[in-house]
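*Asks:* Residue numbers (my numbering), protein chains in the order written: chain A, 1 to 109; chain B, 110 to 231.
Treat the hints with care, since some could be wrong.
Claimed, not checked - Taking lysine-lysine pairs in the BS3-like style, the calculated list, with each CA pair at most 27 Å apart, reads:
hint	chain 1	residue 1	chain 2	residue 2
1	A	47	B	122
2	A	55	B	185
3	B	185	B	152
4	B	174	B	185
5	A	105	B	122
6	A	68	A	47
7	B	122	A	55
8	B	152	A	97
9	A	68	B	152
Said to hold, decoys possible - Computed spacing ranges between beta-carbons, pair by pair:
hint	chain 1	residue 1	chain 2	residue 2	range
10	A	83	B	165	23 to 31 Å
11	A	95	B	176	32 to 40 Å
12	B	128	A	13	26 to 34 Å
13	B	191	A	31	42 to 50 Å
14	B	110	A	107	39 to 47 Å
15	B	117	A	42	33 to 41 Å
16	B	111	A	13	29 to 37 Å
17	A	81	B	125	27 to 35 Å
18	A	13	B	124	30 to 38 Å
19	A	81	B	191	18 to 26 Å
20	A	83	B	223	18 to 26 Å
Because the hints were derived from the structure by calculation, they are not lab data.
These numbers come from a predicted model, not from an experiment.
Cβ atoms here follow ideal geometry from the backbone N, Cα and C, with glycine treated the same way.
Residue-level listing of the chains:
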Amino acid sequence: QSALTQPPSASGSPGQSVTISCTGSSSDVGGYNYVSWYQHHPGKAPKLMIYEVTKRPSGVPDRFSGSKSGNTASLTVSGLQAEDEADYYCSSYAGTKKVFGGGTKLTVL
Amino acid sequence: EVQLVESGGGLVKPGGSLRLSCAASGFTFSSFTMNWVRQAPGKGLEWVSSISTSNGYIDYADSVKGRFTISRDNAKSSLYLQMNSLRAEDTAVYYCARVVGPDFWNGYVDDWGQGTQVTVSS
Chain A
1 QSALTQPPSA SGSPGQSVTI SCTGSSSDVG GYNYVSWYQH HPGKAPKLMI YEVTKRPSGV
61 PDRFSGSKSG NTASLTVSGL QAEDEADYYC SSYAGTKKVF GGGTKLTVL
Chain B
110 EVQLVESGGG LVKPGGSLRL SCAASGFTFS SFTMNWVRQA PGKGLEWVSS ISTSNGYIDY
170 ADSVKGRFTI SRDNAKSSLY LQMNSLRAED TAVYYCARVV GPDFWNGYVD DWGQGTQVTV
230 SS
């Protein structure tokens with residue numbers, strides 16, 4: 001099962017917005033609405049930030065938002081804060097495929 | 110509060126075996142599909158295996174099929190991963206993960222353990 005494609009890195013200054021893309025195919029991202037995003041600080045458990053493309057779990061700031069167009073999903077972080085610096089992974093658990101993206105390291109400058 | 114605590118990791122020689130455990134608490138364990146997900150050094154997350162609520166459905170990544178066996182004991186709220194014929198490329202942090210969704214095939218991971226390190230090296 002091929003991993004979803006994410007840019008290896010992204011960056012922005014405090015207060016700015018950053019968008020991270022996640023590209024798959026019609027058999028995963030494009031075909032289903034089970035795209036999720038995770039924030040991972042090294043040494044800690046990953047944390048769910050977005051599920052079912054656009055939904056935010058309780059406790060996740062509304063600065064985090066998700067969207068999808070065709071085979072590409074996106075995570076946007078608005079009003080960047082220092083604590084947002086982490087690795088971010090997208091995932092698609094749908095049909096017969098369970099795949100993650102390669103991860104994007106978000107740096108807050 | 111949902112808690113998932115992995116154990117059983119360690120250093121093992123190529124060709125060896127290891128059994129990982131995950132102790133769950135804070136939720137009705139028997140009601141959720143459970144997964145193992147791993148992260149190799151410097152790499153991204155990789156789904157390893159899934160097991161449905163009552164062992165009716167089980168699935169494995171091609172990279173571990175035939176070598177790893179997932180199981181669960183709902184009475185003990187525990188998830189297991191028996192890993193045989195281990196290879197250097199199995200070296201990773203292994204995470205226990207709870208899945209939310211309408212069925213075995215569709216959903217998302219909503220909670221993760223802290224992970225347990227498995228190192229395969231001679």
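*Asks:* Next, verify each hint and record whether it holds.
*Replies:* Now for the hints, and whether the structure bears them out:
1. The suggested pairing of residue 47 (chain A) with residue 122 (chain B) is violated, with an alpha-carbon distance near 32 Å, which exceeds 27 Å.
2. For the hint linking residue 55 (chain A) to residue 185 (chain B), the alpha-carbon distance of about 32 Å lies beyond 27 Å, and the restraint is violated.
3. Taking the CA atoms of residue 185 (chain B) and residue 152 (chain B), the gap is about 33 Å. The hint is violated against a cut of 27 Å.
4. Proposed proximity of residue 174 (chain B) and residue 185 (chain B) is supported: the alpha carbons are some 26 Å apart, at most 27 Å.
5. A hinted pair counts as satisfied when its Cα atoms are at most 27 Å apart, and residue 105 (chain A) with residue 122 (chain B) does not qualify at roughly 32 Å.
6. Between residue 68 (chain A) and residue 47 (chain A), the direct Cα distance comes to roughly 20 Å. Compliance with the 27 Å bound is thereby established for this hinted pair.
7. For the given pair, residue 122 (chain B) sits about 43 Å from residue 55 (chain A) by alpha-carbon distance, which is inconsistent with the 27 Å threshold.
8. Taking the CA atoms of residue 152 (chain B) and residue 97 (chain A), the gap is near 19 Å; set against the 27 Å cutoff, the hint holds.
9. Of the supplied pair hints, the one linking residue 68 (chain A) and residue 152 (chain B) holds, its CA atoms being roughly 25 Å apart against a limit of 27 Å.
10. Residue 83 (chain A) and residue 165 (chain B) have their C-beta atoms about 41 Å apart, which leaves the hinted 23 to 31 Å range violated.
11. For the pair residue 95 (chain A) and residue 176 (chain B), the beta carbons lie near 24 Å from each other, so the given range of 32 to 40 Å is not met.
12. For residue 128 (chain B) and residue 13 (chain A), the Cβ-Cβ distance of about 47 Å falls outside the hinted range of 26 to 34 Å, so the restraint is violated.
13. Our hint of 42 to 50 Å for residue 191 (chain B) and residue 31 (chain A) is violated, since their Cβ atoms are close to 33 Å apart.
14. At about 31 Å, the beta-carbon gap between residue 110 (chain B) and residue 107 (chain A) misses the expected band of 39 to 47 Å.
15. At roughly 22 Å, the beta carbons of residue 117 (chain B) and residue 42 (chain A) sit outside the given window of 33 to 41 Å.
16. Separated by about 35 Å at the C-beta atoms, residue 111 (chain B) and residue 13 (chain A) satisfy the suggested range of 29 to 37 Å.
17. Under the hint 27 to 35 Å, the C-beta atoms of residue 81 (chain A) and residue 125 (chain B), about 45 Å apart, miss the expected range.
18. Taking 30 to 38 Å as the suggested C-beta distance range, the pair residue 13 (chain A) and residue 124 (chain B) does not conform, at roughly 50 Å.
19. About 42 Å separates the C-beta atoms of residue 81 (chain A) and residue 191 (chain B), a value inconsistent with the hinted range of 18 to 26 Å.
20. For residue 83 (chain A) paired with residue 223 (chain B), a C-beta distance near 19 Å keeps the hint of 18 to 26 Å intact.
The structure fails to meet hints 1, 2, 3, 5, 7, 10, 11, 12, 13, 14, 15, 17, 18, 19 from the earlier list, while all remaining hints are met.
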